[in-house]
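As you go down the protein sequences, you meet chains A and B in turn. For the first sequence, this note's numbering gives the first residue as 1, with consecutive numbering after it. For the second sequence, this note's numbering gives the first residue as 339, with consecutive numbering after it.
If you are wondering where the hints come from, they were derived from the structure by calculation, not from laboratory data. A couple of the hints might just be wrong.
[To be verified] Label pairs and their in silico Cβ distance ranges:
#1 A/Thr337 / B/Ala398: 36 to 46 Å
#2 B/Ala394 / A/Glu299: 46 to 56 Å
#3 A/Asp324 / B/Leu439: 17 to 27 Å
#4 A/Glu299 / B/Gly395: 38 to 48 Å
[Said to hold, decoys possible] What the simulated footprint calls covered on chain A by chain B, stretch by stretch (three residues with Cβ under 8 Å from a Cβ of chain B suffice, anywhere in the stretch; the number is not a length):
#5 80-93
#6 108-115
#7 120-134
#8 231-240
Just so it is clear, CB atoms sit at the ideal spot from N, CA and C, and this is done for glycine as well.
If you want the building blocks of each chain, they are given just below.
Protein chains: 2
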Amino acid sequence: MTASHEIGLIDRLIAGLPRSPAQLNRVHESDAELLRMQDGSVLAVTTDGVVEEIAAGLYADPFLAGWMSVAVNASDLAAVGAAPLGIVVCETLPHGADEALLAAVQRGIGESAAAHSLPVLGGDTNIGTELQLVGTALGLLPQGTPLTRLGCRPGERLYATGPLGLGSAFAFARLQQTGREPPFRPQARLAAGQALRGVASACMDTSDGAIATLDELGRLNGVGFRLTTAVEAMLHPAALALAAQAMLPPWLLLAGPHGEFELLFTVPADRGEALERAAAAGGFTPLPLGEVRPESGIELDDLRGSRVLDGGRIRNLFEDSRGDVGRYVGALLAMDTP
Amino acid sequence: MTASHEIGLIDRLIAGLPRSPAQLNRVHESDAELLRMQDGSVLAVTTDGVVEEIAAGLYADPFLAGWMSVAVNASDLAAVGAAPLGIVVCETLPHGADEALLAAVQRGIGESAAAHSLPVLGGDTNIGTELQLVGTALGLLPQGTPLTRLGCRPGERLYATGPLGLGSAFAFARLQQTGREPPFRPQARLAAGQALRGVASACMDTSDGAIATLDELGRLNGVGFRLTTAVEAMLHPAALALAAQAMLPPWLLLAGPHGEFELLFTVPADRGEALERAAAAGGFTPLPLGEVRPESGIELDDLRGSRVLDGGRIRNLFEDSRGDVGRYVGALLAMDTP
Numbered sequence: 001m002t003a004s005h006e007i008g009l010i011d012r013l014i015a016g017l018p019r020s021p022a023q024l025n026r027v028h029e030s031d032a033e034l035l036r037m038q039d040g041s042v043l044a045v046t047t048d049g050v051v052e053e054i055a056a057g058l059y060a061d062p063f064l065a066g067w068m069s070v071a072v073n074a075s076d077l078a079a080v081g082a083a084p085l086g087i088v089v090c091e092t093l094p095h096g097a098d099e100a101l102l103a104a105v106q107r108g109i110g111e112s113a114a115a116h117s118l119p120v121l122g123g124d125t126n127i128g129t130e131l132q133l134v135g136t137a138l139g140l141l142p143q144g145t146p147l148t149r150l151g152c153r154p155g156e157r158l159y160a161t162g163p164l165g166l167g168s169a170f171a172f173a174r175l176q177q178t179g180r181e182p183p184f185r186p187q188a189r190l191a192a193g194q195a196l197r198g199v200a201s202a203c204m205d206t207s208d209g210a211i212a213t214l215d216e217l218g219r220l221n222g223v224g225f226r227l228t229t230a231v232e233a234m235l236h237p238a239a240l241a242l243a244a245q246a247m248l249p250p251w252l253l254l255a256g257p258h259g260e261f262e263l264l265f266t267v268p269a270d271r272g273e274a275l276e277r278a279a280a281a282g283g284f285t286p287l288p289l290g291e292v293r294p295e296s297g298i299e300l301d302d303l304r305g306s307r308v309l310d311g312g313r314i315r316n317l318f319e320d321s322r323g324d325v326g327r328y329v330g331a332l333l334a335m336d337t338p
Numbered sequence: 339m340t341a342s343h344e345i346g347l348i349d350r351l352i353a354g355l356p357r358s359p360a361q362l363n364r365v366h367e368s369d370a371e372l373l374r375m376q377d378g379s380v381l382a383v384t385t386d387g388v389v390e391e392i393a394a395g396l397y398a399d400p401f402l403a404g405w406m407s408v409a410v411n412a413s414d415l416a417a418v419g420a421a422p423l424g425i426v427v428c429e430t431l432p433h434g435a436d437e438a439l440l441a442a443v444q445r446g447i448g449e450s451a452a453a454h455s456l457p458v459l460g461g462d463t464n465i466g467t468e469l470q471l472v473g474t475a476l477g478l479l480p481q482g483t484p485l486t487r488l489g490c491r492p493g494e495r496l497y498a499t500g501p502l503g504l505g506s507a508f509a510f511a512r513l514q515q516t517g518r519e520p521p522f523r524p525q526a527r528l529a530a531g532q533a534l535r536g537v538a539s540a541c542m543d544t545s546d547g548a549i550a551t552l553d554e555l556g557r558l559n560g561v562g563f564r565l566t567t568a569v570e571a572m573l574h575p576a577a578l579a580l581a582a583q584a585m586l587p588p589w590l591l592l593a594g595p596h597g598e599f600e601l602l603f604t605v606p607a608d609r610g611e612a613l614e615r616a617a618a619a620g621g622f623t624p625l626p627l628g629e630v631r632p633e634s635g636i637e638l639d640d641l642r643g644s645r646v647l648d649g650g651r652i653r654n655l656f657e658d659s660r661g662d663v664g665r666y667v668g669a670l671l672a673m674d675t676p
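Based on the sequences and whatever the hints tell you, model everything.
Have a look at this one:
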């Protein structure tokens, strides 16, 4: 689950579980769990299973499944500004899986771990009905304050670490079998996240799609967003091309629940120079999206006009459509009223 | 998988994966992964999925499934002598799971987390075909050397933290549907593990059964074991009762691949007093089992005589029997030649 239905479930599931006095964040407040250590450093830990994406056929390529089991967790570390320490992976392998499948999964895990500087510390293997990969990544914040989802205020600027919509474009092409899947092998923004500590006021990755990310940031901080950059200028070229081919309004590529693992972050207006330094250190080009506004909702413009999106409703549409991509896109199109 | 077939698979899976220079253990050498931190402390991390046990019907009780997802990971922390920091749990919930099932799973996780002083730091939820729970636990060794599986020498004494065989007795009764399942809610030996640091020369938990544990310790250290205590005196009363009822040789209750989460550990002969202090501090009564011998194999006595067991063969029997408990017990009985 990737939408706000999941949030309600999580809230129910965690009620009554024992919590740690050393934990800095409450549930939902950051992409990774943050634990104050005795020496003052902060340990970041996050667990994320690649389960539904495999079952839905999105990661039918076992290399990609392995790659993503590391990348999704690395992205959570990136969003809190942690330096990567390592990862453990619990693999459930299907009965009678052939050597080629196992080798491709491991190659995906290995190449992703190397690309994210996340050594594989260990793991567990089980035999089950279908392939499932659960990664748990550890990171460290040697000193100072972690990035969290909390802290943005009206008037601040909103940025992304890179163009958006590639995750949705890949998922649409893959699940609709258009035969034109854009290459998809996302690399989490670990260097960017570390460089943004002390610069960004709030940060979250787009693993659930850009609109879900903005909706969550808005709810947690009691604000909304006005996207002043035209949607067409935010989109990854492959996402824009898919929108044109499939004749979809471009903003739909921000709405899908499968993201691209960029970071969305807010910066106070007087930190422009600090942002430039962070961008140089973190190896990214900040993509200005708009600004934080006091009113809730996500206001955006595209070439056809302006609209305010109900992020909460959009986040639940995919699950409400029971995974039927055609029905889901139809429901999104019905919301396309500038 | 719980047997030495799994070890071969793991060796193949990890080949080529990037490793961390800060990791103190190599694969198989300890129950949890050990990472040296900058301040000199050691972070212990372990991931273990409760997948096959649920699929096999062993943990049909969702409370027990939740309990075990914490306990199995706590036990790995115990075996390295770590103090518990916290746990994350990635849950795959079956489509259309009812509220009662979810509540029972969460109650199991929560009560086990409280019993093991392992706060739940966070988690992830997915919807899938069947219930699967993957826990990842973190522990800390503030200073000194962790316990590992390496370090025992011929002539040293072998102990358990408590009676053995309850895990096998539970599994046999449950899977053979004898209707006489012994109560099974194991609590990992966290206090014992911490107290045994600096006292035990090697340590491993019995999560895969006592004979598998001894076989692994023997292989890693190039030794074997002579069990001088009669098997009947090692067994948990419920295991001994089940052996009598089912007319099984008692040592079979040490052979099953479902363990009881005690620790097996070795102690040099001159550390008797240190062991007494550790037992008092760790709240356990050391159960003497026998001694480390230079020759490989596990030699044991029961009321019917003495025999040397081939631990490696026993460890693969369950998988070789394809999970058929009747066939498995038959294959074990065929090895019962004093």
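Hint check:
A C-beta distance of roughly 51 Å is found between A/Thr337 and B/Ala398, which places it outside the suggested range of 36 to 46 Å. The supplied range of 46 to 56 Å is met by B/Ala394 and A/Glu299, whose beta-carbon atoms lie about 53 Å from each other. Judged by the Cβ atoms, the range 17 to 27 Å given for A/Asp324 and B/Leu439 holds: they are separated by roughly 26 Å. Between A/Glu299 and B/Gly395 the CB atoms are about 54 Å apart, so this pair departs from the stated range of 38 to 48 Å.
With a threshold of 8 Å between beta carbons, the proposed coverage of the stretch 80-93 of chain A by chain B holds, since 7 of its residues qualify and at least three are required. A count of 4 residues in the stretch 108-115 of chain A with a Cβ less than 8 Å from any Cβ of chain B is obtained; the coverage claim is therefore met, three being the minimum. Residues of the stretch 120-134 of chain A lying with their CB closer than 8 Å to a CB of chain B number 13, which satisfies the three-residue condition for coverage. Only residues whose beta carbon comes within less than 8 Å of a beta carbon in chain B count, and the stretch 231-240 of chain A has 0; fewer than three means the coverage is violated.
Violated hints, listed in ascending order, are 1, 4, 8; each of the other numbered hints is respected by the structure.
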